[in-house]
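Enquirer: Between the sequences and the hints, there should be enough to build the whole structure, so can you do that?
Protein sequences appear in the order of chains A and B. To convert, note that position 64 of the first sequence is 66 in this note's numbering; the numbers rise steadily by one, no gaps. To convert, note that position 51 of the second sequence is 1255 in this note's numbering; the numbers rise steadily by one, no gaps.
Because the hints were derived from the structure by calculation, they are not lab data. None of the hints are false.
Derived contacts from chain B toward chain A, CB cut-off under 7 Å, selection only:
id	residue
1	Y1237
2	G1247
3	L1249
4	F1251
5	S1312
Ideal Cβ positions, reconstructed from N, Cα and C, are used throughout, including at glycine.
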Amino acid sequence: DAGVIQSPRHEVTEMGQEVTLRCKPISGHNSLFWYRQTMMRGLELLIYFNNNVPIDDSGMPEDRFSAKMPNASFSTLKIQPSEPRDSAVYFCASSSSGGELEETQYFGPGTRLLVL
Amino acid sequence: AQKVTQAQTEISVVEKEDVTLDCVYETRDTTYYLFWYKQPPSGELVFLIRRNSFDEQNEISGRYSWNFQKSTSSFNFTITASQVVDSAVYFCALSSLDTGRRALTFGSGTRLQVQP
Chain A
3 DAGVIQSPRH EVTEMGQEVT LRCKPISGHN SLFWYRQTMM RGLELLIYFN
53 NNVPIDDSGM PEDRFSAKMP NASFSTLKIQ PSEPRDSAVY FCASSSSGGE
103 LEETQYFGPG TRLLVL
Chain B
1205 AQKVTQAQTE ISVVEKEDVT LDCVYETRDT TYYLFWYKQP PSGELVFLIR
1255 RNSFDEQNEI SGRYSWNFQK STSSFNFTIT ASQVVDSAVY FCALSSLDTG
1305 RRALTFGSGT RLQVQP
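Expert: This is the structure we're talking about:
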């Protein structure tokens, strides 16, 4: 079975540019999470969706960040305009609310973002 | 508020030694899950084990075992007969069902170095 798929794996951009990160969750999972990992702050939640609806976006840094989940198999995280402090690894994870391993989050490989 | 503390920043052992990673958590919720994830040098986050708050039975799975004690709010993880491939950063994490905060709260991680 395919795991969580993220693209791109690496992104280098210049300050002020728009960045779009993409995620395809595991088929059948109904929750999707976006996390960010930095040396200073560790792993922190940005936003999560349940059944395609945003439930908790308290971790979204500011208006420059936005996330969408138009359907059960696709989500985007957009940064516009990007700033050097946005440089980090962005992880997408998905989970299901039923089954033997309910609530277990499986992570994608991450997108390593560098904003110059 | 939830909090996960991993007091050990870095541990170094020699191959075949047993090693225990400590995790202490804080939550006011009664229904929650505890997890251990592994992040090898390649950067992905790999799910290892999960425990729910109603099941304090400790188990062994291969070289992995865990000790969950609600009385001390601890969820320690042991690797028996460590191998070089176990070298990674290990994260303890917590999610809650009571408040609907199903996103993971991570500890700061413990870097394990297994020397040959």
